[in-house]
Amino acid sequence: MAQIRTENVRKEFGSFTAVQSSTFTVEDGEFFMLLGPSGCGKTTTLRMMAGLELPTSGEIYIDGEEVGMKPASQRDIAFVFQMFALYPHMNVRRNISYPLLSQGVAKAEVKSRVAEVARILKIEDILDKPVGGLSGGDRQRVALGRAIVRRPKAFFMDEPLGALDAEFREHMAEELRALHDRMGATTVYVTHDQLEAMQMGDKIVVMNHGVVEQFGKPQQIYDWPATKFVANFIGSPPMNFLEFDGMIGIGGDHVELSGTAVRVPVSRQGAKGKLTLGVRPEHVHFSDRSDFRGRVIATEYLGTTQIVTMATANGVVKARISSNQAITPGEIIGLEFDARTLTVFTEERGQALLSEANEGVLRHG
Amino acid sequence: MAEVVLENVTKTFGTQVALNNVSLTVPHGSFVVLLGPTGAGKTTTLRMVSGLDHPDSGEVYIDGQPMRGLTPAQRNVAMVFQQYSLYPHLTVRQNLEFPLKSPLLKTPPDEIARKVKAIADVLQISHKLDNKATALSGGEMQRVSIGRALVRNPRIYLMDEPLSSLDAKLRADLRIELKRIQADSGATLLYVTHDQIEAMTMATHVGVLHHGKLVQFGSPREVYENPVSVYAATRLGQPRINFLPADLFPAAPRGAVTIGLRPEHIAQGVGEDSLVTRVEHLGDQTRLHLSFRNHDLVTVTDAHTGLRSGDIVKIQPDKPLYFDADGLRLV
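Protein chains in written order, with numbering that gives the first Met the number 0: chain R, 0 to 364; chain F, 0 to 330.
The shape of chain F in the complex, shown without the other chains (with noise of 0.2 Å):
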C-alpha cells in the first residue's frame, strides 16, 4: 500500500477548468473521500491518479515516484467505476479470477480460490458465483466489479461512486465492509461521491472540491465541525446549515456577516422568540421550520414534541459559525 500525493495539478478541457492548481496527500493507509456535486472535479482527480488521463501541468507521485507517462497497469491502481465493467461471457467467479490470473502474480489456484470465496461472502453473491455476470441484476453486477478490484492487492484502490446503483439497505451494508476491509488491511483508498454520508460514515479524510479546487481537507469531524467557508459547511450535514445575517443575534464579531447555524446548534426555550411554521414528524426526531425575524430555519428537536405550527418558542444560538463577506470562515 502506498502514500499518493497530487502536486499543483491542473487540468483542463477546452475552455473548462476542470482542476485548478489542486495539492492533495493522501496519507499511507487512509480512506480518503473526494466530496462535491457534478462538476466539481472528483472524477478527473481519480482519472489522474489511476493514468486514464494526464495533468495540463503539476505532478502525481505514488510513494514519491512521479507517475508522468506510466500506464494504469504500471501504476498498478485498481479502479470500480459507477457503471459496472464486467466480461460478459464469464461467470461471477472467472470475473473475480481474472486480475489474479495475471501471468505477472503467479497466484496459486487455492489462494485464488480463497481470496474469491472470501470476497464473494463479503459482497454477499456468494450463490451467484457459477452465474454467468450477464444473468445478475445491477446491483450484483455493481458487487461483482467491486470484488474484482478488492481481490487484488494493488498500491491504492481508486472507486468512483460504487455504491450509488444500490439500493439503501445494501448500500448501508456495503459502506459498513469497505470500511472494514479498508481498515483491517490498510489499504489506500481514494473515493468519489456526492453523497455526504458516504463521506462522513467511511473516510479518514475527506477533500472538499468546488470548482475544480480543493477547498478544505480533513477529518469528518473537523469539517463538520469546523468547515473552512459557507461552501465546505453546506457539504456536511442533513438538515442542512441555516444561514442568516449575522447581526440578527447579539455578539457577532468584527467583520462577521453570515451566521452560520446547524439544525442541532440552536438552543430552544432561551433568548428570543420565533415562530414555529411547520412541524415535521421525522420518527427518530422532529423537524421545526420557524420563522425568526423574517427569516426562515430549521431546527431539530425531541421526537414527541407538542410543539405545533403557529407556537412561539424562543430560540438561541449554540456553537454558531461566522463568515465574512467572502463566504470565508470567521475564527
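Next up, chain R with everything else stripped away, as it sits in the complex (with noise of 0.2 Å):
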C-alpha cells in the first residue's frame, strides 16, 4: 500500500515534450484515474511512476522515498498492460505462481497466495486449465492474478480494457472495481474514456498536451471544470458553450446573452471581451417567459430521457429533459438556465473565472 506523488514532472522525448510539468498526489489506497485524448501524456506518466521511463526532470515519490531514477524491478509495482501477456506453455496456476517462484518464495507460501488469489478473482475453477482456450475474460483475470499474487505496493494499469467489447468492458470494470475495492491497493489507471473514469475512479487527472488540466473528484471535476478543454472533454453530451462578447465584474452576478441577462454565480475575477458561458445539458430548461430563444434542430430519444438540440444567437445549445416532452424540429423555445450550476470562461487558454460556485474546487488545486 503507498501513497504516490509526482512533482514538476517532465518528459522529453528528443525536441517533443510528452509531459510538460506534473504535478499531484495519488493517496494510499485510491483509484487514480489519468485521463485524457491519446497524445495527451497519461500513457508516459503511467510508465514515469511504474519506473519504465525515466523523467527528464522532477520528481517521484512512493511512500515518501524518492524513486525517479530508480528502475521498475526496484518499486515494488505492478503493470498491467492493454495487451495481457500470458505465458501460453503453461496453465493457469503455473502462470501466476511464475513471478513468485522467479522471486523464489518457498512452495507452500506459493501455493496459499495462489489460492488467495484465485478466489478474490473468482479463478478457482479453471487453475489447472491450459490458458490458451480461455475467453477473453478469464484470460484478462489471470493477467490481474499474476499482478495481485506479488503484493505490489501499487498497481498500474494502461487502458486494461481498451480491447473488450462494450458490454464486457462494463462488466470488466465493475470486476476490476470491486477487486480494487475488497483488496484496497493503490491503483493508477491509465483511460481515454471519460465515462470509465467517471465511473471507476476516487480521482481523476485530465491532461492535454503534456499539461495537467485538472485534478480532483469525478463529481467536483464535472460540475466545476478549470477549462473549456475538461469542460468539453467530460460529459456525454460535453458542456455547452454559448460564445458571447460582453463583460463580467468581481462580484457581478450576470453576463449578456444576445441582449438578454443571463444570471450567473458570483464572479470573483473580471474579464472582458469575447467569453463563453457553460452550462451542462441537464441544467437547460424550457421557459416561455424568456427572450433567449433557441430553434429545435434535433430530438433524440433515450429511453427515459431525450437529447434536444438547438440553434441560438450564441451557438448550438444541448438540452437533456423528460422523454415525455413532445418536442418538434423547427419548434422556438425560450431557453432558461439554472443559474447555480453555469461557469463562464475567457477565450484565451478557456480558463474558468473563479466564481463563488466553483473557488472551493478550483483554488485548492
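Rather than coming from a laboratory, the hints here were simulated on the basis of the structure. Glycine included, C-beta positions come from ideal geometry on N, C-alpha and C. One or more hints might be untrue.
[As the list claims (entries may be wrong)] With a Cα cut of at most 30 Å, we get these calculated DSBU-like pairs of lysine-lysine:
id, chain 1, residue 1, chain 2, residue 2
1, F, K168, F, K212
2, F, K114, R, K202
3, F, K168, R, K216
4, R, K202, R, K121
5, R, K202, F, K168
6, F, K168, R, K273
7, F, K168, F, K116
8, F, K131, F, K105
9, F, K168, F, K114
10, R, K152, R, K69
11, R, K202, R, K69
12, R, K216, F, K313
13, F, K116, F, K100
14, R, K152, R, K110
15, F, K116, F, K105
[Unchecked claim] Stretch by stretch, here's where chain F covers chain R in the computed footprint (C-beta under 8 Å, at least three residues):
id, segment
16, 233-240
17, 292-302
18, 335-348
[Stated by the list, open to error] Residues from chain F that keep clear of chain R, each with C-beta distances beyond 12 Å, as calculated:
id, residue
19, A72
20, L104
21, R113
22, D129
23, I175
24, L235
25, I311
Hints given; two lone chains; assemble the complex.
Next up, the structure:
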C-alpha cells in the first residue's frame, strides 16, 4: 500500500515534450485515473511513475521515498497492460505462480497465495486449465492474478479494458472496481474514456498536450471544470458553450447573451471581450418567459430522457429533458439556465473565471 | 423511395442458421435500425436486400417486385459498409461524383457540383475535396464512403455500422445529420448496428434480432417501454435493466418468474430496505449499486445525492415488467 506523489515531472523525447509538468498526489488506497485524449501524455506519466521511463526532470515519491531514477524492478509495483501477455505453454496456476517462483518464494507460501488470488478473482475452477482455451475475460483475470499475487505496493494499469467490446468492458470495469474495494491497493489507471474514469475513479487527473488541466474528484470536475477543455472532454453530451462578447466584473452576478441578462454565480474575477458561458445539458430548461430563444434542430430519444439540440444566437445548445415532453424540430423554444451551475470561461487558454460556486473546488488545486 | 418486404427469409451457412424465417417490412420513408450482437443476423439481412447474397428460401420484395435473380445494380440500392471502400487513385470530389456520372443517370454537371458540395458540407469534408482518397484519415474516408451513397437517389439506402470507426464527437454529429437527411429527403433507410444509442436516437423503427430471428419490431419507445422478452429488454437501456426473482416483491402476477426493473424505474424512500454497496458519480446522475435480499441491482439517483456506501435506502418497483419461465413478457 502506498501514497504516490509526482512533483513537476517532465518528459522530453528529443525535441518533443510529452509531459510538461505534472504535479499531483495519489493517496494510499485510491483508485486514481489518468484521463485524456491520445497523445496527451497520460501513458508517459504512468510509465514514469512505474519506472518504465525516466523523467527528464522532477521527482516521483512512493511512500515518501524518491524513486524517479530507480528502475521498475526496485519500486515494488505491478503493471497491467492493454495487451495482457500470458505464458502460452503454462496452465493458469503456473502463470500466476511464476512471479513468486522466480523470486524464490517457498512452495507452500506460493500455493497458499495462488489459492487466495484465485478466490479473490473467482477463478478457482480454471486453475489447472491451459491458458490457450480461455475466454477473453478469464485471460484478463489471470493477467490480473499474476499482478496481484506479488502483493505489490501499487498497481499501474494502461487501458486494461481497451481491447474489449462495450458490453464486456462494462462488466470487467465493475469487476475491477469491486476487486479494488476488496483489496484496497493503490491503483493508477490510464484511460481515454471519460465515462470509465467517472465510473471507476476516486480521483481523476485530466491531461491535454502534456499538461495537467485539472485534478480532483469526478463529480467536482464535472460540476466545476477548470478549463473549456475539461468541460468539453467530460460529460456526454459535453458542456454547452455559449460564445458572447461582453464583460463581467468582480462581484458581478450576470452576463448578457444577445440582449438577455443571464444570472451566474457571483464572480470573483473580472474579464471582458470574448467570453464563453458554459452550461451542462441537464441544466438547460424550457420556459416561455425567457427571451433567450433556440430553434430545435433535432431530438434524440434515449429512453427516460431525450437530448434536444437547438440553434441559438450564441451557438448550438443541447438540453437533456424528460422524453415525455413532445418536441418537434423547427419549434422555437425559450431557454433558461440553472444559475447556480454556470461557469464563465475566458477566451485565452479557456480558463474558468473563479466564482462563489467554483472557488472551493478550483482554489485548492 | 420504396418499401422493402422480407417474407419468410431463411439463410444458412453450412450448419449455421444465419436467418431463421425472418419476415419484416421496411415501410416507405422509414429509418429502420436492426439491432443485435455479433452473429444475430443483421448483416446477412442487409446482404439479402442488397442482392450480395440470396435467401435459401423466402423472398425479398422492393415496392412489391420480387428481387429473386436481380443484381445489386438492378435493384438500385446504395450500400455503405463498415469498412470504407473508395477508389484510391481518385480525389474525394471524383469519388463523390462517380455514382452520379453513371451513364444511366445522365446528371447535368452543375447538378453534380451542387450535390457534391451539399453532401461534403454535411459530412464536414469540404476542405478535403481535392485530396487523394488515400491521403485521408480513417474517419474521413468513412465519411466519403457515406457521402458516395448519399449523393445518389437509390430506392433504399443500406448501411452496415457506418459510424463505428469514427470518434465519439463526430459520431454524435453524424447521428443527427443522418437522421435529418433521411427525414428531409423521405428516403428509406435500413441500418445495422450493435450500438443501442444509434438505434434509439435515429430509428423510426427498431428491429431486434436474436440468433437469426426477428424478436421485436417497433418504435424505439415501444421496444424500450414494452419489450416482448428478457432479451429485448436488455437490448436498450444504459445501465442495463435489472432482473430479479419475481417473488422478491409483492403483487407479482401469476406465472411471473422474473421481474425486470429499469434502473430509473425503482422508487426510492418507500418500500423495503436495501443496502448501498457502491456510489458512482457520473456527473449528470449518480448510479447506486444496491444489495436487496442478497440480490444486486443498479438504480440511478440525483447527481448530488448524499448517499454513501453502507447506507440503507428503501426501494419499491415502479413500472415493473414481468416475464415467464421462458423469458417472455407477461402483460
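Hint by hint, here is what the structure shows:
Proposed proximity of K168(F) and K212(F) is contradicted: the alpha carbons are some 33 Å apart, above 30 Å. This hinted pair does not check out: K114(F) and K202(R) have alpha carbons roughly 49 Å apart, beyond 30 Å. A distance of roughly 24 Å separates the Cα atoms of K168(F) and K216(R); the hinted pair therefore holds under the 30 Å criterion. Of the pairs offered as hints, the one joining K202(R) and K121(R) holds, with about 27 Å between alpha carbons and a cut-off of 30 Å not exceeded.
For the hint pairing K202(R) with K168(F), the CA-to-CA distance comes to about 24 Å; that is within 30 Å, so the pair holds. About 24 Å separates the Cα atoms of K168(F) and K273(R), which keeps this hinted pair within 30 Å; it holds. Proximity of K168(F) to K116(F) is assessed by CA-CA distance (about 22 Å); at most 30 Å being required, the pair is judged to hold. At roughly 25 Å between alpha-carbon atoms, K131(F) and K105(F) fall within 30 Å of each other, so this suggested pair holds.
Straight-line distance between C-alpha atoms of K168(F) and K114(F) comes to about 25 Å, which keeps the hinted pair within the 30 Å bound. Distance hint between K152(R) and K69(R) is fulfilled; the C-alpha atoms sit about 15 Å from each other, no more than 30 Å. With a CA separation close to 26 Å, the supplied pair K202(R) and K69(R) stays within the 30 Å bound. Distance restraint check for K216(R) and K313(F): the Cα-Cα separation of roughly 27 Å lies within the 30 Å cut-off, and the hinted pair is therefore satisfied.
A hinted pair counts as satisfied when its Cα atoms are at most 30 Å apart, and K116(F) with K100(F) qualifies at roughly 15 Å. Taking the CA atoms of K152(R) and K110(R), the gap is near 21 Å; set against the 30 Å cutoff, the hint holds. Of the supplied pair hints, the one linking K116(F) and K105(F) holds, its CA atoms being roughly 18 Å apart against a limit of 30 Å. Closer than 8 Å: that is the beta-carbon criterion, and the segment 233-240 of chain R has 4 residues meeting it against chain F, so the requirement of 3 holds.
Given a C-beta distance limit of less than 8 Å, the hint that chain F covers the segment 292-302 of chain R holds, as 6 residues qualify and 3 suffice. Coverage of the segment 335-348 of chain R by chain F is violated. Counting CB-CB distances below 8 Å, 0 residues qualify, and the rule asks for three or more. Even its closest Cβ contact with chain R, about 34 Å, leaves A72(F) beyond 12 Å, as expected for a residue assigned away from the interface. L104(F), annotated as away from the interface, keeps every beta carbon of chain R farther than 12 Å; the closest lies near 31 Å.
Every CB of chain R lies more than 12 Å from the CB of R113(F), the least distance being 23 Å, so the non-interface label holds. Here D129(F) stays apart from chain R, with its beta-carbon at least about 28 Å from theirs, past the 12 Å limit. Under the 12 Å C-beta cut-off, the non-interface status given to I175(F) relative to chain R is violated; the minimum distance is some 5 Å. The beta carbon of L235(F) is not kept farther than 12 Å from every beta carbon of chain R, the shortest such distance being approximately 7 Å.
No Cβ of chain R approaches the Cβ of I311(F) within 12 Å, the least distance being about 19 Å, so the stated non-interface status holds.
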